[in-house]
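A.B. asks: Sequence lines, in order, name chains A and B.
All residue numbers for the first sequence refer to UniProt numbering, where the first residue is 1 and numbers rise by one.
All residue numbers for the second sequence refer to UniProt numbering, where the first residue is 1 and numbers rise by one.
Don't take each hint at face value.
Said to hold, decoys possible - So the derived label-pair ranges between C-beta atoms look like this:
(1) B:E188 with A:E47: 46 to 54 Å
(2) A:G194 with B:A281: 52 to 60 Å
(3) A:G194 with B:A238: 40 to 48 Å
(4) A:D152 with B:P301: 35 to 43 Å
(5) B:G71 with A:R19: 48 to 56 Å
Just so you know, the hints here were simulated from the structure itself, not pulled from any lab data.
Keep in mind it's a predicted model, so treat the numbers as computed, not measured.
Idealized CB from N, CA, C, for every residue including glycine.
Number of protein chains: 2
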Amino acid sequence: MSGLLESLEVDVPGGAPARVPTPLPGDLRLARLSLNQRTAARWTLHEALEGARAAGLPAVGLWREPVADVGLDVAVREVRASGLRVSSLCRGGFFTTADRAERVRAISDNRAAIDEAAALGARTLVLVPGGLPPGDRDLPAARARVAEAVADLVPYARERGVVLGIEPMNPVYAADRGVVSTLAQALELASTHGADEVGVVVDTFHLWWEPGVLALLESCGDRIVSYQVCDWVTPLPADTLLARGMMGDGHVDFAAFTAAVARSGYSGDVEVEIFNADVWAAPGEQVVATMARRYVELVQPYL
Amino acid sequence: MSGLLESLEVDVPGGAPARVPTPLPGDLRLARLSLNQRTAARWTLHEALEGARAAGLPAVGLWREPVADVGLDVAVREVRASGLRVSSLCRGGFFTTADRAERVRAISDNRAAIDEAAALGARTLVLVPGGLPPGDRDLPAARARVAEAVADLVPYARERGVVLGIEPMNPVYAADRGVVSTLAQALELASTHGADEVGVVVDTFHLWWEPGVLALLESCGDRIVSYQVCDWVTPLPADTLLARGMMGDGHVDFAAFTAAVARSGYSGDVEVEIFNADVWAAPGEQVVATMARRYVELVQPYL
Chain A
1 MSGLLESLEV
11 DVPGGAPARV
21 PTPLPGDLRL
31 ARLSLNQRTA
41 ARWTLHEALE
51 GARAAGLPAV
61 GLWREPVADV
71 GLDVAVREVR
81 ASGLRVSSLC
91 RGGFFTTADR
101 AERVRAISDN
111 RAAIDEAAAL
121 GARTLVLVPG
131 GLPPGDRDLP
141 AARARVAEAV
151 ADLVPYARER
161 GVVLGIEPMN
171 PVYAADRGVV
181 STLAQALELA
191 STHGADEVGV
201 VVDTFHLWWE
211 PGVLALLESC
221 GDRIVSYQVC
231 DWVTPLPADT
241 LLARGMMGDG
251 HVDFAAFTAA
261 VARSGYSGDV
271 EVEIFNADVW
281 AAPGEQVVAT
291 MARRYVELVQ
301 PYL
Chain B
1 MSGLLESLEV
11 DVPGGAPARV
21 PTPLPGDLRL
31 ARLSLNQRTA
41 ARWTLHEALE
51 GARAAGLPAV
61 GLWREPVADV
71 GLDVAVREVR
81 ASGLRVSSLC
91 RGGFFTTADR
101 AERVRAISDN
111 RAAIDEAAAL
121 GARTLVLVPG
131 GLPPGDRDLP
141 AARARVAEAV
151 ADLVPYARER
161 GVVLGIEPMN
171 PVYAADRGVV
181 STLAQALELA
191 STHGADEVGV
201 VVDTFHLWWE
211 PGVLALLESC
221 GDRIVSYQVC
231 DWVTPLPADT
241 LLARGMMGDG
251 HVDFAAFTAA
261 VARSGYSGDV
271 EVEIFNADVW
281 AAPGEQVVAT
291 MARRYVELVQ
301 PYL
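Isolated chain A (complex conformation) (with noise of 0.2 Å):
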């Protein structure tokens, strides 16, 4: 019986049969899934955090927007209830700013992602890098200030037992959203300071494609601060900021990127991050579902 209802299920947002039955409450092979909060985007935090415990998930990734729209000290006794970890928080960064004031206003919102971080219980804040400024086109002094920043940041963080997680991002948003741009890159960035405060968030989406990624991830040790899943799809819709599929929708070789990972001795969650408007469409439920089942198919198996 289980199994026919089972077979009933679709895939969102492609509307395929399910390939294999949804993981249920309690499997361990869902010991290290995070539901990142903005694959089920039309949820607030409390039905993220509903949504994720109700289908068996340990973990979410949190959102700063969601997290203020209720609150800090609200979320933060929200996620207590729920018992679920918080893998990492979304998003400090956006520092490539050449202008003085705006600067000090990001260092300043950087420190306050901190703290809100530290108070939520997120061991990593993930830092989108920011783009060039309007008209400026120096990439490499955008990304000398990026490291600045990091540098800056590093003693509050630390003081608070937050981790600074640096997110190379496709060469597609180099110019609007992340001036590091691999895996290599953020590395170097890292490397200057201690693994236990400046690592790299790995993101499929984001390094799928950069030449020797595999031996570059086996040789990251303990500076994974975060591994995110998602799926490069083709053709990209019109907006690329809403690009990613789900798992098994594109062209990610989720199991050898997933083994280099985990030869790298990361042993922490993996969040599901999917930005597209298919997705939120979806309801939310449906989405976990979805997730769940992809994720014990094409990603658990070589963690």
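Given the structure of chain A, go ahead and fit chain B onto it with the hints provided.
C.D. replies: Using the frame of chain A, we list chain B on its own:
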């Protein structure tokens, strides 16, 4: 008077007044400027040759399809009659298939492309590697097949005096068009062959974001066999293939990039290659005039 007339000219596709006067035929600053045929995509081969010549350009970059439209013999005669150099022929490549029969066809087609380049007097055949085969997620294997195919073609190309130019492509195309994603990777591929056999095609659109690219360009020596310029504009259009912009309309630092190309010792032509629906909608003469103005303003001073 001339200044007044010039001030009425507008740049395409933006529509802003021209920032510098259009260089006239005979202007020494045009001595290395080449019109890639796809920049004036609506022109026939004859119109492109005539349009380039009329604007005082000494060279064109040709594409196989419009050459085939008139037939190779006619194309060769027209090119000779025009007195223009052929800075490159686009394009061979697309040899990532794992299927044996398809691979044989790809190699055969690339040999035909080499013959065409030789007949047209193009020293460089541009190779677009090709993407992942449908359903195939093994990127390292696809990249290895590119290396094998290039090695297969080298003797044939060498006999005909044609250099194979590997074009590393922006990672936005890694899945569906070009699995060689960085200059570093293309140089490594080329390095197993002589510099008169295999080189790299350097395109600002594809490489502007690459960490360390300026130092790498400087160290290229005689490996650069084509320099192509256009801009990275944001937001990307819905069709990422048409994301290229007119120099100056986007985020590329042409001064720094071009100076690094020059320091490599590169002394060849500079092709303007722009795929862009708005550029294509403009009259060819205005496209060529705009690209000549932007070139003498943003690129040529740094050669």
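A.B. asks: Quick one: which hint numbers does this structure break? Sort them smallest to largest.
C.D. replies: none
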